[in-house]
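Asks: These are the residues of each chain, in order.
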Amino acid sequence: MSTKSGFPRFVYIFVTFFLIAPLIVLVVASFNASRSMQWERFSLEWYRRLFFQSRDLWRAVRNSVVIALSSATVATIIGSLAAIGIRWGRFRLKSYVQTVTLMPLLLPEIILGVSLLIFFASIGVPLGLGTIFIAHTCFNLPFVILIVLARLEEFDFSIIEAAYDLGARERDTLIRVIVPVSMPGILSAFLTAVTLSLEDFVITFFVAGPGSTTLPLYVYSAIRFGVSPVINALSVVMIAVTVALVLLARNMLKYIAK
Amino acid sequence: MYQTPAIAGSPVLTVRKNVLTVRRNVLTHQRKRDILVDVAPGRPNTRRRQSGKLKGSEVRIDGVDKAFGEFPALIDVSLTVKKGEFFSLLGPSGCGKTTLLRIIAGFETPDVGSVLIDDVDILPIPPNRRHVNTVFQSYALFPHLSVFENIAFPLRLRGLGEKVVTQRVESYIELVRLHGQARKMPSQISGGQKQRVAIARALINEPDVLLLDEPLSALDAKLRQQLLIELDTIHDSVGVTFIYVTHDQQEALSVSDRVAVMNLGRVLQIGAPFEIYEQPADEFVANFIGDTNIQPAVVTSVEGELSRLDAEGLGPVVVTCDVPPEPGHTVRHTIRPEKIRISKKRPEGLAPNTNILQGLVDERIYSGFQSKFFVELPSGYVIKAFQQHARFLDDGPEIEWKDPVWVWWNANDGYVVTPRGGDE
Ligand SMILES: Nc1ncnc2c1ncn2[C@@H]1O[C@H](COP(=O)(O)OP(=O)(O)O)[C@@H](O)[C@H]1O
Ligand SMILES: [Mg+2]
Chain W
1 MSTKSGFPRF VYIFVTFFLI APLIVLVVAS FNASRSMQWE RFSLEWYRRL
51 FFQSRDLWRA VRNSVVIALS SATVATIIGS LAAIGIRWGR FRLKSYVQTV
101 TLMPLLLPEI ILGVSLLIFF ASIGVPLGLG TIFIAHTCFN LPFVILIVLA
151 RLEEFDFSII EAAYDLGARE RDTLIRVIVP VSMPGILSAF LTAVTLSLED
201 FVITFFVAGP GSTTLPLYVY SAIRFGVSPV INALSVVMIA VTVALVLLAR
251 NMLKYIAK
Chain Y
259 MYQTPAIAGS PVLTVRKNVL TVRRNVLTHQ RKRDILVDVA PGRPNTRRRQ
309 SGKLKGSEVR IDGVDKAFGE FPALIDVSLT VKKGEFFSLL GPSGCGKTTL
359 LRIIAGFETP DVGSVLIDDV DILPIPPNRR HVNTVFQSYA LFPHLSVFEN
409 IAFPLRLRGL GEKVVTQRVE SYIELVRLHG QARKMPSQIS GGQKQRVAIA
459 RALINEPDVL LLDEPLSALD AKLRQQLLIE LDTIHDSVGV TFIYVTHDQQ
509 EALSVSDRVA VMNLGRVLQI GAPFEIYEQP ADEFVANFIG DTNIQPAVVT
559 SVEGELSRLD AEGLGPVVVT CDVPPEPGHT VRHTIRPEKI RISKKRPEGL
609 APNTNILQGL VDERIYSGFQ SKFFVELPSG YVIKAFQQHA RFLDDGPEIE
659 WKDPVWVWWN ANDGYVVTPR GGDE
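Taken in sequence, the protein lines are chains W and Y. All residue numbers for the first sequence refer to this note's numbering, where the first residue is 1 and numbers rise by one. All residue numbers for the second sequence refer to this note's numbering, where the first residue is 259 and numbers rise by one.
Hints in this document: simulated from the structure, not taken from any laboratory. All figures in this text were calculated on a predicted structure; none of them were measured in a lab. Note that CB positions come from ideal geometry on N, CA and C, so glycine has one too. Mixed in with the good hints, there may be bad ones.
Derived lysine-lysine pairs resembling DSS-like cross-links, with alpha carbons at most 27 Å apart [stated by the list, open to error]:
{"id": "1", "chain 1": "W", "residue 1": "Lys254", "chain 2": "Y", "residue 2": "Lys452"}
{"id": "2", "chain 1": "Y", "residue 1": "Lys642", "chain 2": "Y", "residue 2": "Lys630"}
{"id": "3", "chain 1": "Y", "residue 1": "Lys602", "chain 2": "Y", "residue 2": "Lys660"}
{"id": "4", "chain 1": "Y", "residue 1": "Lys313", "chain 2": "Y", "residue 2": "Lys452"}
{"id": "5", "chain 1": "Y", "residue 1": "Lys442", "chain 2": "W", "residue 2": "Lys254"}
{"id": "6", "chain 1": "Y", "residue 1": "Lys313", "chain 2": "Y", "residue 2": "Lys341"}
If you anchor each label on the Cβ, the simulated ranges turn out as follows [what the hints assert, rightly or not]:
{"id": "7", "chain 1": "Y", "residue 1": "Thr491", "chain 2": "W", "residue 2": "Leu245", "range": "31 to 37 Å"}
{"id": "8", "chain 1": "Y", "residue 1": "Asp549", "chain 2": "W", "residue 2": "Lys94", "range": "56 to 62 Å"}
{"id": "9", "chain 1": "W", "residue 1": "Leu247", "chain 2": "Y", "residue 2": "Gly449", "range": "36 to 42 Å"}
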């Protein structure tokens, strides 16, 4: 990124500043003994409270993680199979199926949230973790389909015909050829789904019930009574975990590519 | 488009269901039993080898039509490929070669007609149960598997033990000369090596028939030549029936036992390479195979084997035909350029029934082992004559551009073919 001309360098510094600066402020604040933005002294007080005096927060974290992993898993399985079908299957109304499955991607989240709420209410499903799980699976599906499809586009149908030709049954072909070949796409679809689910606020807000508060909902309600430094501490922990995951994923991909 | 996967359990039961549900023709009891024995998974060929027969199978295609929507891709195709034969399907791009191959492999179903392998109707059998393997034009290697695992794939499906797999794969790696490449991924090897992997993978299950769809078309000329020779050697050593698709007549002529020439969905001629070259069935075949001079001609008289024609551009010519044409009919007269002699001096002591014409050299193309002369006749017709450089300076004085020359050929070397072929 080294350049002699001034403007690109200015943009670079500007962007970096606004990307990094808030994070730095957050990290600094989480180690500040004072509740206010004024620096008082270094303290681990907020971390102590985060880990030992925040049962509701951890329940929310647990809910979020459970929802994220389960909805991402289910969405990845259904979405990958759907992508395989869309790419290689031959059935009637294929293009309609494709359009309909991708529609949630284009809808504003708030509409999806409202419609899911009305839907659950009208069929009498009590709101809770179950409805959040269904909602998250639903909005994750189009992302999974798109990502896996992008991977599948790189491959020739003839490898599937080759598998049949060499004696594979449909199931062998799926397990031994299609899934391994699409694995990089499936993995990144899964990671994307986990992330989207973890951070979703709007849709979750509509379909959550009592006792099913997720982390974003918890943070939002906590912040209404003023920013708690505990949230800062939590944010720092999450940043650390995210960075670790990204590094891990990168090394893993490098390993797979080899 | 495929059969639902056979659910684990008795293979015979699954197969029987298959035969009953997808059957198109009524099978005799004998044939049904053949299919049941034939497709028992995990034991390809055992029956055949135990009985000590040849490894390859006979493929009989009878009256096959196939249309894609309104477009007829194959029209009344019938041919029989003999056991262990190297048989080529030759024709221009889009003539239906791949479609025919896919019908034999089981990826397409003919609209009418039958496909029999060793007298067993294979149309009810799904591709994964046919003892037919394909070398795809695009190689179709599994990108996530190493060279070794690609070749081992069919064996892994059958759940063979590690020791047997290693041994078999190594012998096929030997066969296609891929030593030292076993651990590489398909993305790390060259086109020619990929093709070898595809061939080994298709052969390792010891199919009755190997189908090859333009396997060399993506390779450069020199490599193509080399692989073609290797393919011939492999064919000799495995003894399997090869059905080889190509649009390259040189390829087809040089390795095939027999060739079927196709155009626009029809088979125009089936024969040994020399037959289709020396006795083309019609104008299309004459033009497509090799280089030739071809003219419309009216039959003026017939005396036994010898016919006199009035050929457009050449004037009166004599030609011998096994089957004499009808006087008064318009046919095509054709003479291969390498059968025409050329000289600046009028030749002496010509054999009887020799056609001789005079013209001007319009162009000369020197290509090492031969020179190609384009000789303009007084009528304006340009006739091609190829002179082989058999011996240095033995061809008489050098013929140059604009030289007046004599060209001549014997009536035995010309032939008469029916107009066109296939392109009605
Ligand atoms: N699945 C298909 N759908 C429609 N048309 C097809 C299909 N497959 C082949 N064709 C047409 O059938 C003709 C023959 O194709 P093909 O057998 O691939 O020819 P070749 O292999 O001799 O080049 C072509 O004109 C092609 O466009
Ligand atoms: Mg083709």
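Asks: The structure should be examined with respect to each hint, and the outcome stated for every one.
Replies: Verification of the hints:
With a CA separation close to 24 Å, the supplied pair W/Lys254 and Y/Lys452 stays within the 27 Å bound. Under the criterion of a C-alpha separation no larger than 27 Å, the hint pairing Y/Lys642 with Y/Lys630 is consistent with the structure, at around 7 Å. For a cut-off of 27 Å, the pair hint linking Y/Lys602 to Y/Lys660 stands: about 11 Å separates their Cα positions. Distance check on the hinted pair: Y/Lys313 and Y/Lys452 sit about 26 Å apart at the alpha-carbon level, within 27 Å; holds.
Under the criterion of a C-alpha separation no larger than 27 Å, the hint pairing Y/Lys442 with W/Lys254 is consistent with the structure, at around 17 Å. A hinted pair counts as satisfied when its Cα atoms are at most 27 Å apart, and Y/Lys313 with Y/Lys341 qualifies at roughly 8 Å. Taking the beta carbon of each, Y/Thr491 and W/Leu245 are about 54 Å apart, not inside 31 to 37 Å as hinted. Checking the proposed 56 to 62 Å range against Y/Asp549 and W/Lys94 shows it is violated: the Cβ atoms sit about 48 Å from each other.
A C-beta distance of roughly 38 Å is found between W/Leu247 and Y/Gly449, which places it inside the suggested range of 36 to 42 Å.
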